[in-house]
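Student: Chains as they are written, first to last, in the working numbering: chain Y, 1 to 330; chain H, 1 to 293; chain X, 1 to 361.
Source of the hints: derived by calculation from the structure; they are not laboratory data. You can take every hint at face value.
Partial chain X-side listing against chain Y, Cβ under 10 Å, derived:
1. Arg150
2. Ile260
3. Arg261
4. Ala262
5. Thr263
6. Arg264
7. Lys266
8. Gly267
9. Pro269
10. His277
11. Arg280
12. Met283
13. Pro284
14. Ile354
15. Asp355
No residue lacks a Cβ here, since even glycine has one placed at the ideal position from N, Cα and C.
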Amino acid sequence: MTPILEVEGLRVQLQGRRGRVTVVDGADFTLREGEILGVAGESGSGKTLSMLSLLGLLPAGAVVEGRAMFGGQDLLALQGRALRDVRGAQIGMVFQDPMTSLHPMVTIGRALTEHLRFHTKMKKAEARRRAIELLEEVRMPDPEGCLRAYPHQFSGGMRQRLAIAVALVCKPKILIADEPTTALDVTVQAGIVRLLDRLRRETGLSVLMITHDLGVLSAIADRISVMYAGRVIETGVKRDILRAPRHPYTAGLLDALPHPEAPADTPLLTIAGAPPSANDVISGCKFHPRCRFAQDSCRTEVPSFVTAADGREFACPVDPLPATRAEVVR
Amino acid sequence: MSTTLAVERSLRFRRPRVTKALRRPLGVVGATIVAGWLLIAVVAPLIAPSDPLATGTVLFGAPSSSHLFGTDELGRDVLSRVLYGARVTLPLSMLLVALSLVIGSLLGAVAGYAGGWLDSVIMRVTDLVFAFPAIVLAMVVTAVLGPSLRNAVIALVIVQWPAYARVVRGQVLSTRDSDYVNASRLLGASSRRALFTDVMPNVFGPVVVYAAVDLGNAVLLLSGLSFLGLGAQPPTAEWGSMVSTGTQYFQNWWMSTFPGLAIFSIVLAFNFLGDSLRDALDPRRITTREPKP
Amino acid sequence: MSELTAGPEAPAVLPVGRQRKLPSRGLARFLGRRLVALVFLSLGITLVAFVLTQLVPGNPALAQLGQNPTPAQIATFNEHYGLDKPVPEQYALYLWHLVHGDLGQSQQTHNSVTHDLGQFIPATAELALLAIFIAGVFGLGFGLIAALRRDKSTDYVLRIFSLGGVSVPTFWLALISLYLVFFKLGIAPGGDRLDPAVAAPPHVTGMYTLDALLAGQLSTFWNALEHLFLPAIVLAAYSMGLLMRYTRSAVLDVLDQDYIRATRAKGLPEHTIILRHVLRAAMPAIITVIGLAFASVMTGAVLVESIFSWPGIGQYGYRAATQLDLPAIMGVSIFVAIVYITVNFIVDVLYGIIDPRIRVT
Numbered sequence: 001m002t003p004i005l006e007v008e009g010l011r012v013q014l015q016g017r018r019g020r021v022t023v024v025d026g027a028d029f030t031l032r033e034g035e036i037l038g039v040a041g042e043s044g045s046g047k048t049l050s051m052l053s054l055l056g057l058l059p060a061g062a063v064v065e066g067r068a069m070f071g072g073q074d075l076l077a078l079q080g081r082a083l084r085d086v087r088g089a090q091i092g093m094v095f096q097d098p099m100t101s102l103h104p105m106v107t108i109g110r111a112l113t114e115h116l117r118f119h120t121k122m123k124k125a126e127a128r129r130r131a132i133e134l135l136e137e138v139r140m141p142d143p144e145g146c147l148r149a150y151p152h153q154f155s156g157g158m159r160q161r162l163a164i165a166v167a168l169v170c171k172p173k174i175l176i177a178d179e180p181t182t183a184l185d186v187t188v189q190a191g192i193v194r195l196l197d198r199l200r201r202e203t204g205l206s207v208l209m210i211t212h213d214l215g216v217l218s219a220i221a222d223r224i225s226v227m228y229a230g231r232v233i234e235t236g237v238k239r240d241i242l243r244a245p246r247h248p249y250t251a252g253l254l255d256a257l258p259h260p261e262a263p264a265d266t267p268l269l270t271i272a273g274a275p276p277s278a279n280d281v282i283s284g285c286k287f288h289p290r291c292r293f294a295q296d297s298c299r300t301e302v303p304s305f306v307t308a309a310d311g312r313e314f315a316c317p318v319d320p321l322p323a324t325r326a327e328v329v330r
Numbered sequence: 001m002s003t004t005l006a007v008e009r010s011l012r013f014r015r016p017r018v019t020k021a022l023r024r025p026l027g028v029v030g031a032t033i034v035a036g037w038l039l040i041a042v043v044a045p046l047i048a049p050s051d052p053l054a055t056g057t058v059l060f061g062a063p064s065s066s067h068l069f070g071t072d073e074l075g076r077d078v079l080s081r082v083l084y085g086a087r088v089t090l091p092l093s094m095l096l097v098a099l100s101l102v103i104g105s106l107l108g109a110v111a112g113y114a115g116g117w118l119d120s121v122i123m124r125v126t127d128l129v130f131a132f133p134a135i136v137l138a139m140v141v142t143a144v145l146g147p148s149l150r151n152a153v154i155a156l157v158i159v160q161w162p163a164y165a166r167v168v169r170g171q172v173l174s175t176r177d178s179d180y181v182n183a184s185r186l187l188g189a190s191s192r193r194a195l196f197t198d199v200m201p202n203v204f205g206p207v208v209v210y211a212a213v214d215l216g217n218a219v220l221l222l223s224g225l226s227f228l229g230l231g232a233q234p235p236t237a238e239w240g241s242m243v244s245t246g247t248q249y250f251q252n253w254w255m256s257t258f259p260g261l262a263i264f265s266i267v268l269a270f271n272f273l274g275d276s277l278r279d280a281l282d283p284r285r286i287t288t289r290e291p292k293p
Numbered sequence: 001m002s003e004l005t006a007g008p009e010a011p012a013v014l015p016v017g018r019q020r021k022l023p024s025r026g027l028a029r030f031l032g033r034r035l036v037a038l039v040f041l042s043l044g045i046t047l048v049a050f051v052l053t054q055l056v057p058g059n060p061a062l063a064q065l066g067q068n069p070t071p072a073q074i075a076t077f078n079e080h081y082g083l084d085k086p087v088p089e090q091y092a093l094y095l096w097h098l099v100h101g102d103l104g105q106s107q108q109t110h111n112s113v114t115h116d117l118g119q120f121i122p123a124t125a126e127l128a129l130l131a132i133f134i135a136g137v138f139g140l141g142f143g144l145i146a147a148l149r150r151d152k153s154t155d156y157v158l159r160i161f162s163l164g165g166v167s168v169p170t171f172w173l174a175l176i177s178l179y180l181v182f183f184k185l186g187i188a189p190g191g192d193r194l195d196p197a198v199a200a201p202p203h204v205t206g207m208y209t210l211d212a213l214l215a216g217q218l219s220t221f222w223n224a225l226e227h228l229f230l231p232a233i234v235l236a237a238y239s240m241g242l243l244m245r246y247t248r249s250a251v252l253d254v255l256d257q258d259y260i261r262a263t264r265a266k267g268l269p270e271h272t273i274i275l276r277h278v279l280r281a282a283m284p285a286i287i288t289v290i291g292l293a294f295a296s297v298m299t300g301a302v303l304v305e306s307i308f309s310w311p312g313i314g315q316y317g318y319r320a321a322t323q324l325d326l327p328a329i330m331g332v333s334i335f336v337a338i339v340y341i342t343v344n345f346i347v348d349v350l351y352g353i354i355d356p357r358i359r360v361t
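Construct the complete structure from the given sequences, taking the supplied hints into account.
Tutor: Written as structure tokens, this is what we have:
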């Protein structure tokens with residue numbers, strides 16, 4: 001599959017109270033056409049900010065370095081008109097909290113058609129038809145009634161569907177979904193996940209999905225990139241990542257998942273310590289203070305993100321990783 | 001036990017950081033000016049060049065070395081009258097705000113806690129008072145009671161208390177059943193303790209901010225009423241009535257300019273203070289946003 | 001494909017149209033409720049005004065009828081106002097008169113209060129409307145600019161300016177501006193609604209600018225406008241400062257919201273986002289203060305009219321208050337209060353129109 005978005009060396013610095021803070025420190029990932037790339041990591045790992053930087057949605061005073069090649073252009077270098085042409089039309093975005101990401105005083109119909117008409121110069125009737133089409137795509141009941149309604153009249157799950165419809169109405173090539181299921185009930189989550197999967201299969205949409213929920217990732221991601229402390233530390237095909245992680249952090253994350261069929265007295269495994277905040281200064285590998293397998297070199301050298309002989313990409317010198325409990329149970 | 005306290009403390013609203021307010025530049029300027037006027041009010045008898053009521057021979061004297069602010073229509077020294085004016089305006093405005101705050105907060109708290117018909121009655125009364133713009137109501141009340149500073153204060157308290165009632169009631173309603181109060185109760189704090197340690201600090205934040213700004217309003221209203229002749233009566237040296245007299249002889253600009261400036265400066269100072277207080281106490285309003293992960 | 005992705009997507013629900021009320025019906029019900037509240041409030045106001053007059057000492061008949069009224073005159077007077085009847089009946093009689101437009105007779109002018117009101121209201125209305133327009137346009141505009149240029153020098157300048165606006169005593173500002181612009185610079189006229197030599201236009205609304213335009217008397221129009229200008233600006237000062245501050249604060253709150261970021265992600269141009277989305281979301285908070293702004297204009301009118309010799313309701317009411325002209329006091333109070341609560345009613349209505357979430361409450 002051909003890559004549709006290639007991000008290299010993404011670095012994001014924000015203006016904090018006490019000066020500049022590096023929140024994304026060298027992230028590389030590639031999204032291939034028609035695939036779902038899951039970006040996993042805990043809060044504070046820089047996943048959301050990486051995505052926001054692609055569309056220029058970072059807060060004022062942010063400094064971005066690196067390249068994000070999409071359709072022959074570097075997204076990170078775009079400004080003004082060029083940037084606006086990409087937003088919504090080429091790349092759509094769905095945000096985390098459906099309760100606050102739809103404008104409360106704008107009807108759904110308007111929300112769907114305003115940028116559609118702006119980007120494509122469609123006439124009102126045609127835009128309306130397209131809006132209804134989208135609403136049917138996301139399986140909203142009574143699409144015509146929806147057009148006149150306001151967001152507060154819908155539940156969280158339905159609002160998320162609406163948000164997805166709004167993001168896709170201009171037929172963008174990429175959908176960036178920032179934790180689309182996190183704020184929803186588990187049963188509703190399943191619906192959203194299925195929706196995204198179907199959209200991908202039917203329309204060839206490429207999806208960049210941020211989530212910390214490994215369960216969701218295992219369900220629909222094709223490939224997974226794992227972020228920690230502002231860096232991508234491992235990327236691979238889902239099966240490989242979940243079965244045989246190559247980075248201790250990934251392994252730790254998987255170990256922490258309680259297995260439903262394990263004996264009842266199996267102790268819960270955790271990764272000792274807490275993820276560093278953007279202000280913390282850690283020499284060498286950012287994960288080394290919490291790493292079971294840390295070597296001396298880990299304290300001083302930042303491991304580079306390499307592609308191993310078998311095609312796996314990760315940033316850890318410890319190779320191969322000793323088998324962990326999770327693998328044994330699996 | 002210590003864990004309980006630790007959890008309780010983290011759930012509780014953080015005490016209003018008044019000192020932080022005073023550190024912001026605008027707050028500093030405001031506080032300084034207010035302090036300055038308070039000082040003047042106290043030591044006026046010591047620093048005023050003459051007796052504010054003492055008439056003189058030089059009528060309508062322009063500002064000069066002997067009379068820095070000039071003299072008025074009865075030859076009185078304007079500077080002294082302005083200084084002494086602080087002794088009228090400041091204490092009365094503060095009294096006015098204090099009374100409105102106490103009466104309003106009490107009624108508002110009662111309305112918020114009791115609910116039911118008591119709440120409705122109190123709210124209808126506040127609606128009625130709100131229906132009349134301040135000066136109109138104050139005019140009518142002073143007309144009924146007779147024009148004097150005391151009656152002006154009474155009239156203005158009647159006008160101002162509903163605002164406090166509304167603020168307090170709103171805060172009581174929103175915090176009474178809020179999560180952290182319930183959590184505190186779950187942890188074993190009695191109802192009364194919950195009231196004092198959890199609800200009150202949250203209620204008083206907005207009230208204090210409102211009161212600080214209201215001080216400015218009180219000064220404007222009080223001097224406005226005096227300007228209309230419904231407050232301070234001659235020969236009392238009060239800023240509003242001085243401007244009013246100055247209006248009749250407005251070619252002698254010093255008669256109204258200096259008292260007006262005095263009013264302007266103190267109201268401005270109160271507003272600066274009120275603004276900084278609000279900025280410091282409002283947990284949402286931070287100038288640099290912390291990055292979200 | 002894992003089990004997660006196989007299966008039904010959306011839970012079965014009723015079509016949206018059947019689940020909720022149509023927006024138009026919710027709005028009508030909301031307006032209805034507000035209208036009822038308005039009526040009750042108006043009644044309450046008349047009660048308050050009535051009670052206030054009962055509190056004033058003195059014999060109203062003597063006060064009204066002048067020096068030496070004959071017993072017959074007194075009797076007629078008492079009968080008309082039911083002064084010999086119990087208080088509740090007096091109130092009922094008073095309401096009855098009110099509904100028929102009889103507000104009594106002013107002691108100072110010896111005209112019916114209704115006539116006086118009709119004469120003085122247009123002058124104040126002209127002034128107030130222009131003041132509100134100025135305050136609205138500049139208050140909102142500057143507030144928006146200040147919010148968009150947050151923490152830059154423009155913001156600081158505008159904030160100081162608005163703080164000044166709400167801190168300056170209106171009567172003093174009126175005096176200073178009159179002194180400077182009229183007395184010293186000779187630019188603006190010295191008060192009153194028209195130059196002494198200019199005759200008032202034929203009466204249609206009582207507002208000289210409007211009437212002059214309607215009659216085609218352009219020079220009169222310009223003259224009236226000249227006279228209107230300075231007092232209107234002075235009157236607008238406080239409200240403009242207020243609106244500027246509230247607008248800035250409301251817009252800043254909105255700019256931080258998720259949905260604005262989401263709207264930006266749709267690729268719309270910045271001016272559309274600011275004007276259509278940000279401003280609209282900030283409107284409820286701004287509208288809250290319109291009632292306040294209006295009240296301050298009415299309050300300020302009393303002071304401004306006094307200094308600019310403007311023959312409006314403010315002056316009339318003030319003279320009535322100082323001379324204890326009861327019918328006039330009541331008439332002015334009721335009028336002012338009714339206007340005020342009507343404005344608040346309109347504000348409530350606007351709330352319901354702009355923010356659909358309100359209609360549910």
